[in-house]
Amino acid sequence: MENDARTKITVEDAKRILDEQTTYLQKINTEIQECTSEINDLKFECENLEKENDGLSKERELYESQAVKAVSKMNNRSLQETCRTYRSSIILYCKLLDIELPDPKDQFMD
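Mapped onto this note's numbering, the consecutive letters of the sequence shown carry residue numbers 18 to 127.
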């Protein structure tokens, strides 16, 4: 008989328990929907960031390639000597013709 007393509940108690469980399940379902929505938003953001990262990686490769070429040219002594000779020739030519050259530093002020 003791066992029967513990398992018997009133109809009102059963309805109350059912209402509590229904409310709890509705709350959990709402939280699941919110989390799913947030996950979808984060997935979208990740996809966009991955695309941006891919673009930046390609851009970085381009700039690294340009830097390597620039360093290579700077290390080429023959090219440096040719540039010095050319620059000296232009300066001499301008002096002979009384032409004033702009300051090279002013060209890069933009």
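Bear in mind the hints are in silico, worked out from the structure with no lab data behind them.
Just so it is clear, the structure is predicted and the values come from calculations on it, not from any experiment.
Virtual Cβ for every residue (Gly too), placed ideally from N, Cα, C.
Some hints here could point you the wrong way.
[As the list claims (entries may be wrong)] Ranges of calculated distance between the beta carbons of each label pair, as one might list FRET restraints:
#1 Asn93 / Lys68: 34 to 40 Å
#2 Ile34 / Glu62: 38 to 44 Å
#3 Glu78 / Cys100: 44 to 50 Å
#4 Glu37 / Asn65: 51 to 57 Å
#5 Glu55 / Glu78: 33 to 39 Å
#6 Glu64 / Leu42: 45 to 51 Å
#7 Ile26 / Thr47: 46 to 52 Å
#8 Ser74 / Leu114: 47 to 53 Å
| task | Could you check the structure against the hints above and give me the numbers of any it violates, in ascending order? | result | 3, 4, 6 and 7
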